[in-house]
Amino acid sequence: MPHIKSERPNNPQGSTGQPVERPALRDILSVYSAAPKTGLIALGLVILVIASYERVGRYGFVDFDDSEYIYENPQVRDGLTFRGVGWAFTTTHAANWHPLTWLSHMADVQMFGLDAGWHHWMNVLIHAVNAVLLLLVLKRMTGTIWPSALVAALFAVHPLHVESVAWLAERKDVLSTFFWLVTMALYVRYVQKPDAWRYLGVTLSFVFGLLSKPILVTLPCVLLLLDYWPLRRLTRQIHRVRDLRLPSGSKFLLFSWKKCLLPCWQPPPASLPTSPKRPKQRRRRWTTFRSTNGFQTRFSHTRSTSSTRYGQGR
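0 is the number of the first residue of the sequence shown in numbering that gives the first Met the number 0; add one for each residue after it.
Keep in mind the hints are simulated off the structure, nothing from the lab. Bear in mind the structure is a predicted one, so any value in this text is a computation, not a measurement. No residue lacks a Cβ here, since even glycine has one placed at the ideal position from N, Cα and C. Keep in mind that a hint or two might mislead.
Unchecked claim - The calculated label-pair distances, taken between Cβ atoms and stated as ranges, are:
| hint | residue 1 | residue 2 | range |
| --- | --- | --- | --- |
| 1 | D77 | K279 | 41 to 47 Å |
| 2 | L124 | T286 | 35 to 41 Å |
| 3 | P73 | T234 | 52 to 58 Å |
| 4 | P73 | P146 | 47 to 53 Å |
| 5 | D77 | T287 | 35 to 41 Å |
| 6 | E162 | T234 | 35 to 41 Å |
Please put together the full structure from these sequences, using the hints given.
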């Protein structure tokens, strides 16, 4: 009997009769090569942050809010105690309610005492982690590595972050930024595969951010912008309103909680009159808005004559 040579078909079929797609070698290699590249870039960001802020380890406390937050605050000086934890969640000391920020300062004292250098290094460490988180979040949202790395590098060394990293009283800024970025990362996971547990993670991270600094009340608006781009969630699901109902409802519930509850705990600024005339109040608000926004815009591009105090115009 003659030998018959069998040949495999070019398009093998599965059990359903449909052609089985074989991943290209280039696609397989790209998956395995992306992880080391991202890891090296993340390591570079950490080195960049440490090189930029290595001098802060030799700095001490400053007589500008550091006394209220750390070295003259008896609750913080005692480290982590049950009494201190209760105080952190009930006080509005320093005109803010941010219990996680107080707990972070207490943890520093518990580990390092009143050695200001190590307190500074904790700020640097959190900032370095934030830069890496920003890289990972942007890469996951956009699918691009080098533009994400550029944005993360600018974030790591931008002059506007010097105050937050090198000033111990601004621990609330770097800590709230950490939870901001974690919330963004968890939100991207939730959008890609919605379920109750992932949504719970988003909500808890957002609450932790509010407990670090109330400014995170603006985060829901940013998440809505991400829904438009780069997630394109609004354009994909514009006719499926039910998919957007749960996130939007709970976000703005927390928004309302902050706007209604926290002002009740904060005393009005002593510098403002109790019952100003309406026209004068409007002019003052407009002057403040114009001055502060111009200040922030200018110092987003230059750090010349930067200071912890600045005028609001007359």
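Exercise. Which of the listed hints are not met by the structure?
Worked result: As far as the earlier hints go, not one is violated by this structure.
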